[in-house]
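Q: Chains A and B, in that order, are what the protein sequence lines are.
The letter at position 83 of the first sequence is residue 83 when you use the working numbering, and the numbering goes up by one with no holes.
The letter at position 89 of the second sequence is residue 178 when you use the working numbering, and the numbering goes up by one with no holes.
Calculated directly from the structure, the hints in this document are not laboratory data.
None of the values given here were measured: they were computed from a predicted structure.
Glycine included, each C-beta is placed from N, C-alpha and C at the ideal position.
Be aware that a few hints might be false.
Stated by the list, open to error - Computed, partial: chain A to chain B, Cβ under 10 Å: (1) Ala3; (2) Ala7; (3) His9; (4) Thr21; (5) Leu32; (6) Leu37; (7) Leu77.
Unchecked claim - Residues from chain B that keep clear of chain A, each with C-beta distances beyond 12 Å, as calculated: (8) Asp105; (9) Glu278; (10) Cys317; (11) Cys335.
Claimed, not checked - Okay, derived cross-link-like pairs now, DMTMM-like style, lysine to aspartate or glutamate, Cα gap no bigger than 20 Å in a straight line: (12) B:Lys329 / A:Glu59; (13) B:Lys210 / B:Asp145; (14) B:Lys210 / B:Glu261; (15) B:Lys329 / A:Glu30; (16) B:Lys102 / B:Glu299; (17) B:Lys117 / B:Glu193; (18) B:Lys329 / A:Asp74; (19) B:Lys329 / A:Glu4; (20) B:Lys329 / A:Asp18; (21) B:Lys117 / B:Asp247.
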Amino acid sequence: MTAEYPALHPQVAMQVVDGLTVIVLADSGEVLVLNALGTRILDLIDGKRTITEIARLIEEEYDVSAEQARRDLDEFLRTLSEAGALSPA
Amino acid sequence: MAPSDFETPVLIKIADIAVALEIADAGKREEVRERYREFIVSDAEPRARISVEVSDDARFIPMEPGPWIIETAYEGGRLNYRSHLDAGWMDVDGGESFVKLAPEADVENFLRVLYAHLCLKAGGMLLHAAGVVRGGAGYVFFGPSGSGKTTTARLSLDKTVLSDDLVILRIEGDKARLHGVPFRGDFPEAPRVNTSADLRGLFTLVKAAEHRIDDVARPEAVARLLGCMPFVMVDGAHTKRAIEICSQIIERVPVRALRFRRDPGFWREINDC
């Protein structure tokens with residue numbers, strides 16, 4: 001389950017390289033390169049914004065529907081959560 | 090009175106990083122001296138002292154069919170290490186380590202883990218890669234198991250092959266330098282060459298029908314290097330350090346994808362790139 005105020009797990013390491021985020025997942029050590037949208041979402045999941053607030057920002061910045069923004073965000077957060085990259089809810 | 094053999098540790102120096110092994114067991118001490126003879130030095134300031142205890146009761150993770158298991162866990166500034174026939178700990182910052190091993194075991198896996206961490210601390214990386222020196226320049230071919238490291242090493246025997254499995258890269262000023270290691274993979278008969286060279290080519294391996302070299306975007310390059318850095322991503326701080334070093338390496342030498350088939354013609358592509 002994803003927390004209402006999602007935040008990255010403190011053991012997750014990442015670095016932005018040429019505008020894309022290289023992230024190492026905490027549990028598996030798996031390395032991912034996030035696209036521009038994923039990189040922006042990582043900026044926004046700071047433990048202070050709700051999922052609803054983040055989805056609204058994505059909707060505005062990427063000119064997508066509210067449904068699309070929420071669907072993409074939920075899927076991304078679920079992936080991060082399953083990989084142990086989010087702080088526990 | 091002359092010091093006994095035990096009082097004189099075995100000094101090994103790899104990638105300009107020395108460690109001292111204190112081994113009471115005479116047979117094991119000779120075995121280590123022989124195995125690492127190209128990397129033995131008579132005088133160096135060790136970054137780590139390893140106390141090696143040989144014991145018949147050194148039985149840790151039970152043997153089962155499948156891959157060789159090495160477990161590490163970072164706790165309180167110490168890296169705990171455990172495998173089938175050896176276990177111990179390493180305090181990389183404090184410079185002290187201990188390993189207990191069975192008579193039939195060797196110190197190689199413990200040394201690999203220790204050197205991975207010593208390199209990280211010193212601004213370098215232990216990398217799963219084949220390393221070759223040609224014309225005084227270093228070339229590295231990296232990738233996971235099955236990617237072709239041993240194949241590229243075997244296809245480069247007219248040059249100086251450093252390893253088919255592991256090399257060390259260190260950042261030295263505005264250059265990256267390739268260092269040979271005494272560790273081997275599936276090519277145990279390869280000589281254990283103790284030399285180094287400025288890194289000129291850094292290739293991620295892709296098996297293909299034809300030889301070709303492609304650029305790799307920098308974020309993907311960092312990710313691929315990280316995926317071939319064993320043992321060091323034990324917590325967030327170490328992982329961040331590993332990412333930084335990967336970024337610094339590719340600033341000096343870009344990663345390219347080497348698509349190759351099983352013949353030495355890939356060197357012609359390297360000549361042209």
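Q: Hint by hint, say whether it matches the structure.
A: So, going through the hints one by one against the coordinates:
1. Ala3: 19 Å, violated
2. Ala7: 14 Å, violated
3. His9: This interface hint holds because 8 Å falls under the 10 Å limit.
4. Thr21: Given a least distance of 8 Å, the restraint on A:Thr21 holds.
5. Leu32: 7 Å, holds
6. Leu37: 14 Å, violated
7. Leu77: The hint is violated - A:Leu77 has no Cβ within 10 Å of chain B, the shortest such distance being about 20 Å.
8. Asp105: 27 Å, holds
9. Glu278: 32 Å, holds
10. Cys317: 10 Å, violated
11. Cys335: Violated, since 8 Å does not exceed 12 Å.
12. B:Lys329 / A:Glu59: 31 Å, violated
13. B:Lys210 / B:Asp145: Cα-Cα ~34 Å, so violated.
14. B:Lys210 / B:Glu261: Holds: B:Lys210 and B:Glu261 sit about 14 Å apart, inside 20 Å.
15. B:Lys329 / A:Glu30: 14 Å, holds
16. B:Lys102 / B:Glu299: The hint is violated at about 40 Å.
17. B:Lys117 / B:Glu193: 9 Å, holds
18. B:Lys329 / A:Asp74: The given pair, whose Cα atoms are some 27 Å apart, is violated under the 20 Å limit.
19. B:Lys329 / A:Glu4: Violated. B:Lys329 to A:Glu4 sits at ~27 Å, over the 20 Å cutoff.
20. B:Lys329 / A:Asp18: 17 Å, holds
21. B:Lys117 / B:Asp247: Not OK: B:Lys117 and B:Asp247 at ~34 Å, beyond 20 Å, violated.
When held up to the earlier numbered hints, the structure conflicts with 1, 2, 6, 7, 10, 11, 12, 13, 16, 18, 19 and 21 and fits the remainder.
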